[in-house]
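Chains A and B supply the protein sequences, listed in that same order. Take the first sequence: its letter number 294 is residue 294 in the numbering used here, and every next letter is one higher. Take the second sequence: its letter number 221 is residue 532 in the numbering used here, and every next letter is one higher.
These are calculated hints, taken from the structure and not from any lab test. Honestly, I wouldn't trust all of these hints.
BS3-like, lysine-lysine: derived pairs with alpha carbons at most 30 Å apart [what the hints assert, rightly or not]:
no.: 1; chain 1: B; residue 1: Lys320; chain 2: A; residue 2: Lys119
no.: 2; chain 1: A; residue 1: Lys119; chain 2: B; residue 2: Lys321
no.: 3; chain 1: A; residue 1: Lys119; chain 2: A; residue 2: Lys69
no.: 4; chain 1: B; residue 1: Lys370; chain 2: B; residue 2: Lys321
no.: 5; chain 1: B; residue 1: Lys717; chain 2: B; residue 2: Lys370
Just so you have them, the derived chain A footprint on chain B, three or more residues with Cβ under 8 Å [said to hold, decoys possible]:
no.: 6; region: 515-528
no.: 7; region: 535-549
Here are a few chain A residues that face chain B, going by a calculated C-beta distance under 10 Å [what the hints assert, rightly or not]:
no.: 8; residue: Asp94
no.: 9; residue: Arg100
no.: 10; residue: Ala102
no.: 11; residue: Gln116
Glycine included, C-beta positions come from ideal geometry on N, C-alpha and C.
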Amino acid sequence: MLSRTAENLFWVTRYMERAETMARLLEVGYRIALMPSTGEGNRSDWESIIAASGDEGAFAEAHGVADEKSVEHYLMFDSENPSSIASCIARARDNARIVRTAVTSEVWDALNSTFQEFKQLRPGNLPELCDWTKKRAASVRGSIESTQLQHDGYDFMNLGYYLERADNTARLLDVKYYVLLPTTQRVGGSVDNYQWITLLRSLSALRSFHWTYGGDYSPNKIAHFLILNKTNPRSLLHCVEEASYHLNRLARAYGQSTRAQTQANARLARLAEARVDDVIADGLHEFLGEFIAENAILGQSVADGYLFGSN
Amino acid sequence: MGPEDLELKKAEAEAMFRRIGITFAVYGEGGDTERLIPFDLVPRLFTSYEWSRLERGVKQRAEALNCFLRDVYHRAEIVRAGRIPAELVFRNAAFEPSVVGFNPPEGVFSHIVGIDLVRTSADEFFVLEDNCRTPSGVSYMLENREIMMRMFPDLFRTMRVAPVEDYPDQLRRTLASVAPQKCTGDPNIVVLTPGSMNSAYYEHSFLADQMGVELVEGQDLFVEGDLLFMRTTRGPQRVDVIYRRIDDPFLDPLHFRPDSMLGIPGLMNVYLTGGVSICSAPGAGVADDKAIYTYVPDMIRFYLGEEPILKNVPTWRCGIPEDLKYVLAHLPELVVKEVHGSGGYGMLVGPASTKEQIAAYAERIKANPAEFIAQPTLSLSTCPTFVDQGLAPRHVDLRPYCLVGKQVTLVPGGLTRVALREGSLVVNSSQGGGVKDTWVIAD
Numbered sequence: 001m002l003s004r005t006a007e008n009l010f011w012v013t014r015y016m017e018r019a020e021t022m023a024r025l026l027e028v029g030y031r032i033a034l035m036p037s038t039g040e041g042n043r044s045d046w047e048s049i050i051a052a053s054g055d056e057g058a059f060a061e062a063h064g065v066a067d068e069k070s071v072e073h074y075l076m077f078d079s080e081n082p083s084s085i086a087s088c089i090a091r092a093r094d095n096a097r098i099v100r101t102a103v104t105s106e107v108w109d110a111l112n113s114t115f116q117e118f119k120q121l122r123p124g125n126l127p128e129l130c131d132w133t134k135k136r137a138a139s140v141r142g143s144i145e146s147t148q149l150q151h152d153g154y155d156f157m158n159l160g161y162y163l164e165r166a167d168n169t170a171r172l173l174d175v176k177y178y179v180l181l182p183t184t185q186r187v188g189g190s191v192d193n194y195q196w197i198t199l200l201r202s203l204s205a206l207r208s209f210h211w212t213y214g215g216d217y218s219p220n221k222i223a224h225f226l227i228l229n230k231t232n233p234r235s236l237l238h239c240v241e242e243a244s245y246h247l248n249r250l251a252r253a254y255g256q257s258t259r260a261q262t263q264a265n266a267r268l269a270r271l272a273e274a275r276v277d278d279v280i281a282d283g284l285h286e287f288l289g290e291f292i293a294e295n296a297i298l299g300q301s302v303a304d305g306y307l308f309g310s311n
Numbered sequence: 312m313g314p315e316d317l318e319l320k321k322a323e324a325e326a327m328f329r330r331i332g333i334t335f336a337v338y339g340e341g342g343d344t345e346r347l348i349p350f351d352l353v354p355r356l357f358t359s360y361e362w363s364r365l366e367r368g369v370k371q372r373a374e375a376l377n378c379f380l381r382d383v384y385h386r387a388e389i390v391r392a393g394r395i396p397a398e399l400v401f402r403n404a405a406f407e408p409s410v411v412g413f414n415p416p417e418g419v420f421s422h423i424v425g426i427d428l429v430r431t432s433a434d435e436f437f438v439l440e441d442n443c444r445t446p447s448g449v450s451y452m453l454e455n456r457e458i459m460m461r462m463f464p465d466l467f468r469t470m471r472v473a474p475v476e477d478y479p480d481q482l483r484r485t486l487a488s489v490a491p492q493k494c495t496g497d498p499n500i501v502v503l504t505p506g507s508m509n510s511a512y513y514e515h516s517f518l519a520d521q522m523g524v525e526l527v528e529g530q531d532l533f534v535e536g537d538l539l540f541m542r543t544t545r546g547p548q549r550v551d552v553i554y555r556r557i558d559d560p561f562l563d564p565l566h567f568r569p570d571s572m573l574g575i576p577g578l579m580n581v582y583l584t585g586g587v588s589i590c591s592a593p594g595a596g597v598a599d600d601k602a603i604y605t606y607v608p609d610m611i612r613f614y615l616g617e618e619p620i621l622k623n624v625p626t627w628r629c630g631i632p633e634d635l636k637y638v639l640a641h642l643p644e645l646v647v648k649e650v651h652g653s654g655g656y657g658m659l660v661g662p663a664s665t666k667e668q669i670a671a672y673a674e675r676i677k678a679n680p681a682e683f684i685a686q687p688t689l690s691l692s693t694c695p696t697f698v699d700q701g702l703a704p705r706h707v708d709l710r711p712y713c714l715v716g717k718q719v720t721l722v723p724g725g726l727t728r729v730a731l732r733e734g735s736l737v738v739n740s741s742q743g744g745g746v747k748d749t750w751v752i753a754d
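In isolation and in its complexed conformation, chain B is listed as follows (with noise of 0.2 Å):
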């Protein structure tokens, strides 16, 4: 297929991208909000065989995730250990008190639990970050699946693509394997999401429509005794299992930020009595952040009793002494990044940055070292892709989601994100990234 051809293919994905209205929004820039994320065309192919090994690796770590999570509202053996410091769990902002002690069901607390990782060589991974709260680009993992499969049905044909379809119906049936206690007959399950101006609105729709379930806003639902009602035109139906889009400061403005006007008031009281699975717990956040990510690797010793399967990137925590005077020291070849900073924002790359800004990050670090993260520059893989000028490469990572609840699923595939810009090392669609389709081959 020569290249007109792809230009031609290209502009058929984009308005058919923009037909069905997959979008997502930029804050403030004025104007349109609605955006498309650029779609490439050229799929990242895995054989079932690399996908193996990946999909344990996954596994494991989500696993020691939600280890973690249990440990540290229960007994926190692993501080009292001495593997983490107490301060890093106890005053982290994402800790939350009022969880100690309670034991959601089957002790899930991260229900998907996204991987970002990078590939530096033949078998080898690295974990970017681990994301435990409510990771995003799901629907473009299945969205870019089936624009793929319309567009070039015949390699679907003869290369034996691994599917990813059965995501949703997966999701559903996780939620539901962690019903409430007070839940009795068929668990009715809603996607809770802030609203249509939210800039991951479009994946929390698509979510509720693949699963068939109501998506619902804070407003549709409401607390009676201690039991969770939403609004309907025949009157007030139970709610037993929310996947929540909100962030935890938003979802009970009884419990949280008396301002927020996202939440259910109440909603707290139902969820510790038991009467509300909240998927993911409230709390969970304390187990990714990216002070707590460089422990993640302990944290699979210590409850596992394995060795890692995936790799951490190396990481300097400037919070540490010694760290930080190696930071400060090769600031031009590092990457630094905000502990709790998230899609790609206020993040610095040293070998792509001027004196100046360097200089002025440096500031920035020493004021508040302990904020601050820094990690070496991989030799990331690349992926042939198509640009303006052909097909080129570009640096990729991927997500796949890891889905927690009686059992540990996963699907063969994610969301690779791609940097659209030559050199750039920057995926988010936040700073111009794109996506495109990740295939796993059956042998």
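The following block holds chain A by itself, in its conformation from the complex (with noise of 0.2 Å):
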């Protein structure tokens, strides 16, 4: 395959992945919003959605104060916002557009279509909005599923899902802990249990928490069935362990392994000993800062690895 189109279709699916995230955060944001305010902390909902997406200081620049509206605007609308859900879906589709040969017409109708209707959609009805985001990333990731040929192309496209969820989950969670609770706010407290409560929504997790903990919202679970938890879809060692899969299957496909390999099948091990109690004991936000880097390291050694942007 050309390292172009491997490149290619990583960015079809991270790009997609990082549109359905868009929706998801913003779902949260609604949902937090509609809370009654009972605390200083929750003028500030909609800044720390921006500040989840990992925007603050463009948004700022562009629009100042952060309400549903403009956070809306941002998030979904802006194409000048490279995260938003207009750009990752124009990317998304853009990416596929440059590799035509390599993706099947499923899953270019699927992309082809997010777009074309995307241009359709009007502000105003968040929710619906957001359905409609999660909805067009489920018929892209149906239709690879379904129609994509199940070789390397599939293990590249896996990637691109699997290092950006990674990297998501583990911000949504950062959010959570460090910047939608509020100081003053006690732990454990009815709000702190709403936010839990809609973010484990927002991953749409909050049955498959039931089933896995019963009603139980203690942190420790929720960190341990958003970190450890390997049947949680979105959890960092399901994506983990997803990501070393394919990089595993590309090794034996082509007969050579890389460092990328190497890397995460290490990250593997050491994930799969955690303990979520020392996790929480040693610092939860550090440890998600430090994921986060791993998580780009092993991005990088892909890319090099399989020689994308090798020209």
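Using the hints, build the complex out of the two chains.
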């Protein structure tokens, strides 16, 4: 496979996953804002959403105060914002268009109709916009699963998904722990619980959480669920495991391994041994920061190992 | 089928085109650069009897053009014989001196020849121009058929329309048949595109897809020693045959334009030492400019010893004083084109122009006569076409695609372009033209 093709496939899925995350973030903001204002922390709900998207500076420059309307515009429709849903969808489709020969017509159709339909969307009904985005992302994901040949291209697409998703879950979790929770708020209070539930909801994981842990929303259980429970498709461990699985598949198919495999496997071994109590005791924020950095290094190793952008 | 049904079908067809993403780009207009080419539902029909004559004519022309290219890069017998003026060949901007004396595999320079034709009466066809470099539009021929088959399956059941679907396979076989000397085993074929911003990018990706070969950009290829490689996730892989869809000046920055970002440094050296085949060959453009065009019937007589089956449109070359005089005196009734122009840009359609436009164009001709040719406006045949007012006659032309490798082949069909504006003779997509399916009906 051409290196450029692999790189484009990798970014098609990264952008789609990112679009979905933006929709989930917007949903969190919307739900938290619906909660009656019970403390000083809630005024900045929309600010924290922007913080979670990782673009505080750029947002402040463009909009100033964060409220539902401005955040909706910024995260959904603003083509100046490289992480907006508009940008992600356009870039996913552009990347696929460049490698039209490497995606099936179903996958192209799913991406292209997403792009075309997006142009018809108008601001105003945030929950519907978020639903639309998640459905479109699912349709792209589904057409990849059911029609793409499961060869190296498929592995690169999945690497895009899981590296991006790992990054996103880590960031969302970090926001909850670090930004959403005002320092004056007692951990375990009703606001706190509502926010945890909202976070789980945003990851479409509330019911799964109940199945796994019952109704006990202790921070440790939620952290365990999002970091170390490998049955949760958005947990860090699951993402790392999948990334390592696809890298190992590539190494087998090519009869040659790269630094990316070694790193991914070592990372998986470490994470599989981790205990949630230790993670929290050592500092969740620090743990997540390190995880995000490692994730970026692995992304770079994939690029180096498979000669992305080697011209 | 009534007009409402047709209207519905038309909307359905457009939705399909947009969904599949069959678009072309228009430069310099800002905004959405991807547009649909208007698609007309009413197919153009040929009987297989009509087609077989056309086919012979097109193949004859494609062979003569290749003979000419072989000749001008070797002994140039046709120039020595005084049949074509030397300056038209050797001063031609498309003439490529580095190719002189070079023998491409099978002696083929132009592998995909698109011949533009118009019909003027029941059995009279005129050739408008020859495209020996990278004729585009063949994806429309295939997609138009696909869409028609989806929308009117019953017609196909009863009409016995000759298939065009194996074009990509024939193209692949043609390209494989001209693999270079140094190729061992199955030739690795690639389609070379300038990239997704190019107006014909859809076609490039479509053809690569249909042939099952890689679609590459210059940045994916590199030269090492006297061989060409592409960058893959497993490391370098040899490339044997390039179906290039970029122009000569952009092929190799070491050889042509040093500022080109599209090409592959060192490619020409690999080509000239038999490491890779480039289709069409660099320098093939010397056979398809509008000044050379007027000599194609002579080429057929000279190289093949045959009479041309397809006629040329009578053409005045403004570089010749008597012709210039005639052209300037008869501008309101002529079509004048730039010798190196393409895509319907920069032409004068006398009968459709104002006095001022004609006067201004006359000045351009006088300033540089050799750059222009003129032709009479033929009484072109029309085809029924679905327009806002219902079915109405519109002018059409036809581009069949002739493949030249070890064998010369032509699928029964081509791209029919239609001038959607009433009375207009300009069918180019860049000028608001549309396309329709072309059917060759079996007896």
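Numbers of the earlier hints that this structure fails to satisfy, in rising order: Hint 4 alone not satisfied by this model.
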